[in-house]
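There are 2 protein chains.
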Amino acid sequence: MQTAILLFDRFTSLDAVGPYELLGRLPGAETVFVAEETGPVRGDQGSIAIVADRTIAEVPRPDIILVPGGPGSRRAMENPAILEWLRAADAGSTWTTSVCTGSLVLAAAGLLTGRRATSHWLTLKELPALGAEPTGERVVFDGKYVTAAGVSAGIDMALHLLGRIGGDELAQTVQLLTEYDPQPPYDAGSPEKAPAGVVAGLRDVKVE
Amino acid sequence: MQTAILLFDRFTSLDAVGPYELLGRLPGAETVFVAEETGPVRGDQGSIAIVADRTIAEVPRPDIILVPGGPGSRRAMENPAILEWLRAADAGSTWTTSVCTGSLVLAAAGLLTGRRATSHWLTLKELPALGAEPTGERVVFDGKYVTAAGVSAGIDMALHLLGRIGGDELAQTVQLLTEYDPQPPYDAGSPEKAPAGVVAGLRDVKVE
Chain V
1 MQTAILLFDR FTSLDAVGPY ELLGRLPGAE TVFVAEETGP VRGDQGSIAI VADRTIAEVP
61 RPDIILVPGG PGSRRAMENP AILEWLRAAD AGSTWTTSVC TGSLVLAAAG LLTGRRATSH
121 WLTLKELPAL GAEPTGERVV FDGKYVTAAG VSAGIDMALH LLGRIGGDEL AQTVQLLTEY
181 DPQPPYDAGS PEKAPAGVVA GLRDVKVE
Chain F
1001 MQTAILLFDR FTSLDAVGPY ELLGRLPGAE TVFVAEETGP VRGDQGSIAI VADRTIAEVP
1061 RPDIILVPGG PGSRRAMENP AILEWLRAAD AGSTWTTSVC TGSLVLAAAG LLTGRRATSH
1121 WLTLKELPAL GAEPTGERVV FDGKYVTAAG VSAGIDMALH LLGRIGGDEL AQTVQLLTEY
1181 DPQPPYDAGS PEKAPAGVVA GLRDVKVE
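Chains as they are written, first to last, in this note's numbering: chain V, 1 to 208; chain F, 1001 to 1208.
Pulled out of the complex, with its shape left as it was, chain V reads as follows (with noise of 0.2 Å):
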């Protein structure tokens, strides 16, 4: 089993790197960072670089795809490299996953088209232009499609497919070696949660 976690100038590096944690210690599996071309792709705070060891051409078929968010989903959105290299691969794949604004990137390749899809809250609002059908779920399951709520909730999302791949024992494994027992010291997670003035900031920036 092969898992490809696209890279692309200022993702965010959370919303690759949760997942990468949880799903990369599936047994027997291969977890391989790709972008357009190989070498360090920085973050949408400029201070991280990881690297892409392969690119997408030398990955054509992976089991699982991982497209993580980030300001620069949107120019990922609009490139013809990348939506390609996303429809041929989603073409021979387990599940197709995305985190964050990931999912944009995977509407406009016309992955989600009729699917019910979820993205960071700033931006749930855009998925019904590119064909999807918008839950507040923090992790939705619709076939082999799978969506992450904003940048946290990829590792929400790696322990549901642990469980749905390795089973229960697998994941709770995992969970409890990257000892995942939340305890935040705030409860502000969600707009719904956050106080009115926390939220209100956030409705006032551009999100890209």
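Keep in mind that the hints were calculated from the coordinates and are not lab data.
Check before you lean on any hint, since a few could be wrong.
Below 16 Å or equal to it, Euclidean Cα-Cα: the simulated EDC-like pairs (lysine to aspartate or glutamate) are [claimed, not checked]:
| no. | chain 1 | residue 1 | chain 2 | residue 2 |
| --- | --- | --- | --- | --- |
| 1 | V | 193 | V | 137 |
| 2 | V | 193 | F | 1169 |
| 3 | F | 1193 | V | 169 |
| 4 | F | 1193 | V | 168 |
Selected chain V positions facing chain F (Cβ under 10 Å, derived; list incomplete) [as the list claims (entries may be wrong)]:
| no. | residue |
| --- | --- |
| 5 | 47 |
| 6 | 77 |
| 7 | 80 |
| 8 | 100 |
| 9 | 121 |
| 10 | 184 |
| 11 | 187 |
| 12 | 197 |
All values reported here derive from a predicted model rather than from experimental measurement.
Beta carbons are placed, not taken as given, at the ideal position from N, Cα and C, and that holds for glycine.
Put chain F on the given structure of chain V with help from the hints.
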């Protein structure tokens, strides 16, 4: 304000990237990934490499030091260049922090002597021999020394730190932006909660 995230061969990627994603959003802060030498540093599962943009020698006085864990922490604990850098940088830091077995590296540098600290649940028992007092908490503050439990606990630690440094509203804004509203499909993230068989399976593993 400058945050230095230490990389070493076979670090655990989420230990570094979880806190990076949140702490990096501190307004006006610069985050830099450092290692003994610049260039790509491979994580513990082998498929990821994050670029160290600067050597530790080039970043002598960070305000925040963050040491991730991972199998490679064993060699880091015995690496004089890393230990000397940690001691010198700590002399000027505002916060000295770790995730997972990163606390063993801080302790090996003599920085946790007599202090309360945590680590991955499988390595907590190693802290006393290194001079620290283990606790079962997920995030432990002892003065400027902040240690987080295994892997994903670094995200909670980052939220705590954001609150202390920038205030509750900033921390809540970052929590909402990263949509950190955890909904794991299992409740197996600590040895107290996971099924006994899952805990036993990991206890038998040699955790480096």
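How the hints compare with the structure:
no.	hint	in the structure
1	193/V <-> 137/V	holds, 14 Å
2	193/V <-> 1169/F	holds, 13 Å
3	1193/F <-> 169/V	holds, 13 Å
4	1193/F <-> 168/V	holds, 14 Å
5	47	holds, 4 Å
6	77	violated, 20 Å
7	80	violated, 27 Å
8	100	holds, 8 Å
9	121	holds, 6 Å
10	184	holds, 6 Å
11	187	holds, 8 Å
12	197	holds, 7 Å
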